[in-house]
Amino acid sequence: MSAEAHAHGHADGHGHHGHGHHDEGFIKKYLWSTDHKMIGFQYMFTGMAMALLGGFTVYAFRMQLAFPGISVPGYGRVTATDYNALVTTHGSVMIFWVAMPVLIAALGNYLIPLMIGCDDMVFPRLNRLSYQIFLISAIVLIASFYVDGGAFGGAWTSYPPLSAKAEFSLTPKGSTLWLLAVALEFVAFLLGGINFVTTVMNSRAPGMKMFDVPIVVWMIIIASILFMASVGPLVAGAVMLLFDQQLGTGFFDPAKGGDPVLWQHLFWFFGHPEVYVVLLPAMGIVAEIITVFSRKKLFAYKTVLYTAIGTGVLSFFVWAHHQFIAGIDPRMANIFSVTTLLISIPVAEMCFVYIATLYGGSIRLTTPMLWALAFIGEFLLGGVTGIFLGASGADIYFHDTYFVIAHFHYTFFPIAFIAVFAAVTYWFPKMFGKHMNDTLGKMHFWGTIISFNFIFIPLFVLGARGDHRRIYDYRHFPDLMKPGMQDLRILATVALLVLLAFQVVFLANFIYSLFKGRKAEANPWNANTLEWHAPSPPPHGNFPEGLPTVHRGPYEYSHPDRQDDFWPQHLAGDARSAQS
Amino acid sequence: MIDALPHGTQAPLGSPAKRRPVVPSAVLGTLIFVVAEVMFFVGMISAFTISKATALPGSWPVPGQPMLPADATALNTVALLLSGAVLVAAHVSFRKGSPMAKWLVLGAWVLGALFVGLQGREWAALLSQGLTLTSSRLGAFFYLIVGTHAVHALMALVALGLSFVSLLRGSTSPGLFFGAQTFWYFVVLLWPIIYARVYF
Amino acid sequence: MRSVRAALLGVVAGAPSSALACAVCGGAQNDESTGVYLAMTGVLSLLPLALMGAVAFWLYRTAEAAERADEAQRVESVPPQVEH
Ligand code: HEM
Ligand SMILES: [Cu+2]
Numbered sequence: 001m002s003a004e005a006h007a008h009g010h011a012d013g014h015g016h017h018g019h020g021h022h023d024e025g026f027i028k029k030y031l032w033s034t035d036h037k038m039i040g041f042q043y044m045f046t047g048m049a050m051a052l053l054g055g056f057t058v059y060a061f062r063m064q065l066a067f068p069g070i071s072v073p074g075y076g077r078v079t080a081t082d083y084n085a086l087v088t089t090h091g092s093v094m095i096f097w098v099a100m101p102v103l104i105a106a107l108g109n110y111l112i113p114l115m116i117g118c119d120d121m122v123f124p125r126l127n128r129l130s131y132q133i134f135l136i137s138a139i140v141l142i143a144s145f146y147v148d149g150g151a152f153g154g155a156w157t158s159y160p161p162l163s164a165k166a167e168f169s170l171t172p173k174g175s176t177l178w179l180l181a182v183a184l185e186f187v188a189f190l191l192g193g194i195n196f197v198t199t200v201m202n203s204r205a206p207g208m209k210m211f212d213v214p215i216v217v218w219m220i221i222i223a224s225i226l227f228m229a230s231v232g233p234l235v236a237g238a239v240m241l242l243f244d245q246q247l248g249t250g251f252f253d254p255a256k257g258g259d260p261v262l263w264q265h266l267f268w269f270f271g272h273p274e275v276y277v278v279l280l281p282a283m284g285i286v287a288e289i290i291t292v293f294s295r296k297k298l299f300a301y302k303t304v305l306y307t308a309i310g311t312g313v314l315s316f317f318v319w320a321h322h323q324f325i326a327g328i329d330p331r332m333a334n335i336f337s338v339t340t341l342l343i344s345i346p347v348a349e350m351c352f353v354y355i356a357t358l359y360g361g362s363i364r365l366t367t368p369m370l371w372a373l374a375f376i377g378e379f380l381l382g383g384v385t386g387i388f389l390g391a392s393g394a395d396i397y398f399h400d401t402y403f404v405i406a407h408f409h410y411t412f413f414p415i416a417f418i419a420v421f422a423a424v425t426y427w428f429p430k431m432f433g434k435h436m437n438d439t440l441g442k443m444h445f446w447g448t449i450i451s452f453n454f455i456f457i458p459l460f461v462l463g464a465r466g467d468h469r470r471i472y473d474y475r476h477f478p479d480l481m482k483p484g485m486q487d488l489r490i491l492a493t494v495a496l497l498v499l500l501a502f503q504v505v506f507l508a509n510f511i512y513s514l515f516k517g518r519k520a521e522a523n524p525w526n527a528n529t530l531e532w533h534a535p536s537p538p539p540h541g542n543f544p545e546g547l548p549t550v551h552r553g554p555y556e557y558s559h560p561d562r563q564d565d566f567w568p569q570h571l572a573g574d575a576r577s578a579q580s
Numbered sequence: 581m582i583d584a585l586p587h588g589t590q591a592p593l594g595s596p597a598k599r600r601p602v603v604p605s606a607v608l609g610t611l612i613f614v615v616a617e618v619m620f621f622v623g624m625i626s627a628f629t630i631s632k633a634t635a636l637p638g639s640w641p642v643p644g645q646p647m648l649p650a651d652a653t654a655l656n657t658v659a660l661l662l663s664g665a666v667l668v669a670a671h672v673s674f675r676k677g678s679p680m681a682k683w684l685v686l687g688a689w690v691l692g693a694l695f696v697g698l699q700g701r702e703w704a705a706l707l708s709q710g711l712t713l714t715s716s717r718l719g720a721f722f723y724l725i726v727g728t729h730a731v732h733a734l735m736a737l738v739a740l741g742l743s744f745v746s747l748l749r750g751s752t753s754p755g756l757f758f759g760a761q762t763f764w765y766f767v768v769l770l771w772p773i774i775y776a777r778v779y780f
Numbered sequence: 781m782r783s784v785r786a787a788l789l790g791v792v793a794g795a796p797s798s799a800l801a802c803a804v805c806g807g808a809q810n811d812e813s814t815g816v817y818l819a820m821t822g823v824l825s826l827l828p829l830a831l832m833g834a835v836a837f838w839l840y841r842t843a844e845a846a847e848r849a850d851e852a853q854r855v856e857s858v859p860p861q862v863e864h
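Here the protein sequences come in this chain order: A, B and C.
For the first sequence, position 376 (counting from the first letter as 1) is numbered 376 according to the numbering used here, and the numbering increases by one without interruption.
For the second sequence, position 80 (counting from the first letter as 1) is numbered 660 according to the numbering used here, and the numbering increases by one without interruption.
For the third sequence, position 16 (counting from the first letter as 1) is numbered 796 according to the numbering used here, and the numbering increases by one without interruption.
Derived lysine-lysine pairs resembling PhoX-like cross-links, with alpha carbons at most 25 Å apart:
id	chain 1	residue 1	chain 2	residue 2
1	A	K442	A	K519
2	A	K256	B	K632
3	A	K209	A	K297
4	B	K632	A	K165
5	A	K519	A	K434
6	A	K519	A	K29
Keep in mind the hints are simulated off the structure, nothing from the lab.
Turn these sequences into a full structure, and let the hints steer you where they fit.
Here it is as structure tokens:
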């Protein structure tokens, strides 16, 4: 393990040492690779497969809510226990096995070395290990469906005492497997995060100063740091919960002097920063795309960067807004209300900076640009509704209603899907050397965005009317079956079916373009960042013509001294005059 | 294993001179890991502190449960702190290129192993007096926190042992040694905090 | 900084006095546990920031020192390089 001698090299040795030839076997190339791009793809495709699982579960339980008691086509009758397991799996999968791996692990792995101009991660074998642990975690989660009692049904937040005791949860093995899967997943991302930060610190291309690093790389780094700084207490809580489940301790069991609210603190101490862990990379993706397609410099690079750091700092002070009615001290609730309202300021600021970037640009409405614009609009709605929830008085009413569900889907869906579709359509030519079909892309875009709003606006309305979440069959609650309420539920479910159907368009486009797409040149969008300097797709080692040297910031579009409206970072020339 | 070239085989033609890493990657990686670990322990310690403070009147110290042997553990603490100090000395002499370095590493290892051994003896005694994982909240938190620390100490001892072997073989690459050191200092410095919060 | 202080003041001024009917503020009357809760909240929130801040600061210092050392070396050994 030598570290000092390596700059662009690797500290933990190298999987492909001593291979003079490159026609390694299938396993070596696709499953056992240490190449950052391949690991990025592994994460991406695993994430996509898990998204299908997440989509299938939501299909089943939304059908039950809209048409209680029917036999759901493709699933069968949803029993109450099934319902719990389906909801829990949906939430956990979408957050831990879709948003995190795709946004951070897949894009981080794929983009970081390319965008900072080096040939691989600093610790390639650690990177491979990270993916393998992640894969095991996904397998453990899926396996929990097949054990006695079935998969865990205590919601993605896993509150004790429900989650701690098999008498309550009725899933003696499922709850432990769930916990184990989440813990493994955290280990995987911990390894990945260490790798990202170390790589960006030590392997940037010569000449790349702090403010020449593309925003998306910064965002992934800040997100990784946030993740690593906040995950510890949750892992501690998870170990304690595991002991409660399997060894009979009583950390969270009131009967044995334990405190169930303690878990909520440990969970949300991580849970809220986690929200920003996924938000920031999405914001970064949007920054890259809107600058390229409005041919303008990012309005305020440093502001975005500092705002992101500020958001990260603040995100450690807001967690108890999830517990306003959990019996915490109301004086403390007040403080957390204020901090929660404060944190919406930097988030809004970032959105406004992006809008200012668009202002006066020559905007090209390509598919990735449409996704990026939609992200800003839809996310703002999610953020604004967060303010209602952050006011502890209002939250007493809104807590645990569909208003909360609609709020966080207006934030999470833009993050985990809209921004990811933006990223995939934008970097697809680089990743696979082919263009995606634009007509299909736009069809997919409009189908998804419109149906998305038709799912969640009804849920806002339902929530405002007091519709409680986590209910299996509303027919037992006459107060929640007032005229029109069931219609709104049906509307949301129908819109969901439309949304799911449109994802077929995306998958078809993806697969078709992968094999039959128009061939892509190295820099199809005339972008500045280093990854577009590498061939499409980049070979092993990324830059066959030599690792690049950086001469300027990443967003020099439409520079007055230049004929082209873009100015790639690696081109030599009168360098830094245009730095702000 | 000094690769001058990024690929071990060929550097792409025309690659610019490389950036020198500001901090060895192994140290930086370990450091970030340590930050996450500190938060892990703080999660447990804060849970314990709150649990103790919110205990109903008369239920803490737990009736019928043995007190933790704070005095006897002072000796263990001293052994561990000494081991950290010896490792600092090892680092200094490694920097000077002195052959003493490896024997100092061995000394630190032995002191660390002594700590783990003494802790093991303490556990055996407590178990025989009826303090178990499920006997009370004190037992649960004690074995959770101290046990997790012990697991880390064992991991760090393995890393330190490996660096001793590599120093013995005259290895010139300090990555493992620096990484192991970072981790060991974490284990050493964490202990007094645990000692103060849990034993008293 | 001023605005931060003003905001903090707002938080303190806005803090409601204890509601004695409430089980949490009024019932338990266990000041020690409230204090401990607050203290642990503070530790848990501030510690990660302090740790990360310390690492970042140390890296920044080391990076600056390294850059200065490089610069000095370059001035001594080679004439300024022509960009390729
Ligand atoms: C602009 C800033 C935001 C504010 C002020 C805010 C505020 C809140 C509040 C107060 C709650 C608790 C509601 C309750 O349970 O009664 C909440 C729930 C939630 N928020 Fe946000 N939020 C914001 C942004 C986000 C973002 C960016 C995300 C996701 C990436 C997000 C995801 C969630 C989730 C997942 C929940 C519900 C968790 C659950 O109970 O299952 N929020 N938000
Ligand atoms: Cu939150």
